[in-house]
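Asker: Given next are the chains, with one letter for each unit.
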Amino acid sequence: MDRKRILEEGLLEKYLLHELTVREQFAVEKALQEDAELQSRFEMLEADFERMAFENAIIPNTRVKESLKTRVESEHTKQSNNWPLFAAASIALIFLSTSFWLFTNWQDAQKNLDTIQNQTTDLQKRLNLLEEKTASTETQLNVINNVNTIPFLLKGNAKLPDAHAVAYVNHEDKLVMVNPKGLPELSDDQTYQMWSDVNGEMINMGLLSPNEELLALQYINNAESLNITIEPAGGSEHPTVENLISNVML
Amino acid sequence: MDDALLIKRVHDQDQKALYQLYDKYSGALFGVILRMCRNESLAEDLLQETFIKIWRNIGSYDETRGKFYTWAYRIAKNTTLNALRKNDLLIQTEDLSVYGTTSPTETTPDYTELNGALKKLEPHHQEALSLIYFKGYTHREAHTVMGVPLGTFKSYISQALKSLRKTYGNELMMFWLLTELISNG
Chain A
1 MDRKRILEEG
11 LLEKYLLHEL
21 TVREQFAVEK
31 ALQEDAELQS
41 RFEMLEADFE
51 RMAFENAIIP
61 NTRVKESLKT
71 RVESEHTKQS
81 NNWPLFAAAS
91 IALIFLSTSF
101 WLFTNWQDAQ
111 KNLDTIQNQT
121 TDLQKRLNLL
131 EEKTASTETQ
141 LNVINNVNTI
151 PFLLKGNAKL
161 PDAHAVAYVN
171 HEDKLVMVNP
181 KGLPELSDDQ
191 TYQMWSDVNG
201 EMINMGLLSP
211 NEELLALQYI
221 NNAESLNITI
231 EPAGGSEHPT
241 VENLISNVML
Chain B
1 MDDALLIKRV
11 HDQDQKALYQ
21 LYDKYSGALF
31 GVILRMCRNE
41 SLAEDLLQET
51 FIKIWRNIGS
61 YDETRGKFYT
71 WAYRIAKNTT
81 LNALRKNDLL
91 IQTEDLSVYG
101 TTSPTETTPD
111 YTELNGALKK
121 LEPHHQEALS
131 LIYFKGYTHR
141 EAHTVMGVPL
151 GTFKSYISQA
161 LKSLRKTYGN
171 ELMMFWLLTE
181 LISNG
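Quick mapping for you: the protein sequence lines, in order, are chains A and B.
For the first sequence, this note's numbering begins at 1 and goes up steadily by one.
For the second sequence, this note's numbering begins at 1 and goes up steadily by one.
Honestly, the hints are just simulated from the structure, not real lab data.
Treat the hints loosely; a few may be bogus.
[Stated by the list, open to error] Heads up, simulated DSSO-like pairs for lysine-lysine below, C-alpha to C-alpha not over 30 Å straight-line:
#  : chain 1 : residue 1 : chain 2 : residue 2
1  : A       : K69       : B       : K8
2  : A       : K30       : B       : K162
3  : A       : K65       : A       : K125
4  : B       : K166      : A       : K30
5  : B       : K162      : A       : K4
6  : B       : K24       : B       : K162
7  : A       : K159      : A       : K181
8  : B       : K53       : B       : K8
9  : A       : K65       : B       : K24
10 : B       : K119      : A       : K69
11 : A       : K65       : B       : K53
12 : B       : K67       : B       : K8
13 : B       : K154      : A       : K30
14 : A       : K4        : B       : K166
15 : B       : K53       : B       : K86
16 : B       : K86       : A       : K65
17 : B       : K24       : A       : K69
18 : B       : K16       : A       : K69
19 : A       : K125      : A       : K111
20 : B       : K53       : B       : K16
21 : B       : K120      : A       : K4
22 : A       : K65       : B       : K154
[As the list claims (entries may be wrong)] Label pairs and their calculated CB-CB ranges:
#  : chain 1 : residue 1 : chain 2 : residue 2 : range
23 : A       : Q110      : B       : Q13       : 18 to 28 Å
24 : A       : Q107      : B       : N82       : 53 to 63 Å
25 : B       : L181      : A       : Q33       : 39 to 49 Å
26 : A       : S97       : B       : L5        : 21 to 31 Å
27 : A       : N105      : B       : R56       : 39 to 49 Å
Note that beta-carbon positions come from the ideal geometry of N, C-alpha and C, so glycine has one too.
Next comes chain B alone, as it looks inside the complex (with noise of 0.2 Å):
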């Protein structure tokens, strides 16, 4: 169903609509959330406490001036962070010790791990867009991680995204052309 017509009902209070947005784009939030606090239970209470949000300010989302996946991200970013300052939990290295519990033999999911056009990328460019997309760094914190300057850091962004976008669109041409071909039999 159209994002307009769901925002729409769930703006009328409309549970179900909620929920079909929570099916729609849980997965791509929870992946977000859940790299930046690397705590699958905290995860899961911030991801329906990002849900708790949507259903209440979603008089506050502006379809004009973003996507609803844009407006959501926002927020799961928003509490996520805020709940990591709060818990004194923001460990933002590759230090696993946080699953210090977790028994040696149960297997740990890595949360790390990058998929589709991201994991193609430079491994550079991969680590500065995880940085400021996944882990909830600043452009002038994540930086300071890698251990550039800033505008160094920015152009990796840039052509991080460049590269992104190439790749996208040149997937966009192929599924194109094949259903082109397709069509013509």
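In isolation and in its complexed conformation, chain A is listed as follows (with noise of 0.2 Å):
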């Protein structure tokens, strides 16, 4: 919007009397910031304005300025007795606080519960397997001890010279141990197997394994002799007589 139209139309005069519209308000601003005349003359109107309004001034009554004092300063007052709000929003911060660090407590401490509680649980399994083991081991123990129970070298023969094994034969209660820790490791299609000989007629007594310290087999009834043969892997139900490594006569 140019000077000329602004002051022909007497825009100036309508903008102090803030009779313009929004659109025009914001011409007529935008003029008088790049025109330093047009804002000039802006400057000389509001101050005849103003002048001519201190001519016609009427002093109001001082009730006025007492009334407006009074209000002021009961507003400023109510901003100052927001005490009981900020009092109240502080608790409710710190309660919020708490909570939240209750809350990540809790739920460290439920952390820590299910941390404990596997841990026990796998304890739990650990002590039941030792125990099954101690029960196992004693009931190996007593059987090894019994005074009934006979123990038997088995040596290895030219085969395998350095092989050995120990049985122990209980005939009162049936019983068979063998401990074959002193046998040689053997390739992974092979294992031992140990027979019994009743009548000429080799029974199966079950597999053993170097990797056991000791191991319950079948007892035989009427057996002579026991003894000890290298099998494809997972046992044959006749023994390889040429794989025969030991054998002991009971």
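Got two chains here, separate frames each, mind docking them using the hints?
Answerer: Following this line, the structure appears as structure tokens:
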């Protein structure tokens, strides 16, 4: 909007009197910012109107000022008297913080409890396993230490001269335990198998693994000797006699 | 004290600064409000309301867009017009029947009387300026009240302002000459 139009249409007066639309107001303000002479004219107009107003001033009663003071001070007091609100807000904040802290701690405690429960379960399992092992070992020791138990040493023959195993036989209780630790390791496709010789017939007693310390095998009535052969992995129904590595007479 | 400093203090919630602004401008604003509503009690309430708005909204005053008085005048004018619309009291005629309760023996202040340079203007210029400045009419309303076309009314305002400027300019010149004479002994 140019200066000429603003002056001709009396827009400066209207701007001062707040009569313009928002769009016109922006246009006049923009023109005032960009045109120093227009700005100077506006300032003069403002000064003239202000002077005219002062020349026509009417002094209000002093009660207006007193009333104004009362209102302003009461507003100020209201603002200052916001402490209960601040206190409530502070308490709420403390409550929230504490709740959050308690919640976090509760979560941590819950995690710790879960961990402890898992550990306890694990320990319980291990304890059960140990108890089972202990019971088994105790049973085995009872078998071995029983006065009716007879130990037999099975030494390796020419095929495996360094091999040896110990068999514990209890004819009273019909138990056989074997310690195969002294047998050399075999390839994965082979296994040791133990047999009882009853009237010339070899009867399967079970498989032996050198990794075991003591194995319970099947007791065979009327066995005359104990024999160990090397068989294909999984064992055989009949012994491979040429693979006999040890035997002992009972 | 400088207006800018007072305004800054009001902005900082300094009540004393507000009362100083009140002391300086309440008369001029009350002159406008009272001439608009012609009811002293209502005018007092509206003057108080105007300063409460100044107190609350001082943050929206931008000194680059005009003088403090111009801003305060707009607040006073809008507050008064709104109150008059609300109370259906927008009776902007010379009829003083609104003071019907006043005793005939009582002296009624003549709120329509104008003073200063405005009084020296030609009557139609005086009336035109008075309508838009002291009575809150827009240009479009005022030309109807005066019964002249809008263009004519605008030229009245333009001529009135030029006369006003001339008077104030001459007074300023006289003041300057007087100052010069006194200072030169």
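Asker: Within a Cα-Cα threshold of 30 Å, do K154 of chain B and K30 of chain A meet the stated pairing?
Answerer: Given that 30 Å is the threshold and the Cα spacing comes to 23 Å, the pair holds.
Asker: Need the status of pair K119 of chain B, K69 of chain A: alpha-carbon distance at most 30 Å?
Answerer: Violated, at about 35 Å.
Asker: Can you confirm whether the C-alpha distance between K86 of chain B and K65 of chain A stays at or below 30 Å?
Answerer: Holds, at roughly 24 Å.
Asker: With respect to the beta-carbon atoms only, verify the hint that N105 of chain A and R56 of chain B lie 39 to 49 Å apart.
Answerer: Given about 47 Å between the Cβ atoms, the range holds.
Asker: So if I understand the rule, the pair passes when the alpha-carbon distance is 30 Å or less; does K65 of chain A with K24 of chain B pass?
Answerer: Given that 30 Å is the threshold and the Cα spacing comes to 12 Å, the pair holds.
Asker: Assuming the hint says 53 to 63 Å, is it satisfied by the Cβ distance from Q107 of chain A to N82 of chain B or not?
Answerer: Cβ of Q107 of chain A to Cβ of N82 of chain B: about 58 Å, so the range 53 to 63 Å holds.
Asker: Please work out if K65 of chain A and K154 of chain B have their alpha carbons no farther apart than 30 Å.
Answerer: violated, 38 Å
Asker: Below or equal to 30 Å on CA atoms is what counts here, so check K53 of chain B against K16 of chain B.
Answerer: holds, 16 Å
Asker: Straight-line Cα separation of K30 of chain A and K162 of chain B no greater than 30 Å?
Answerer: holds, 25 Å
Asker: Would the pair K65 of chain A and K125 of chain A pass a check requiring their Cα atoms to be no farther apart than 30 Å?
Answerer: violated, 89 Å
Asker: Please verify whether K125 of chain A and K111 of chain A have alpha carbons no more than 30 Å apart.
Answerer: holds, 21 Å
Asker: Starting from K69 of chain A, check that the Cα of K8 of chain B is at most 30 Å away, please.
Answerer: holds, 19 Å
In summary, the structure is inconsistent with hints 3, 10, 22, 23 and 26 from the numbered list given earlier, while agreeing with the others.
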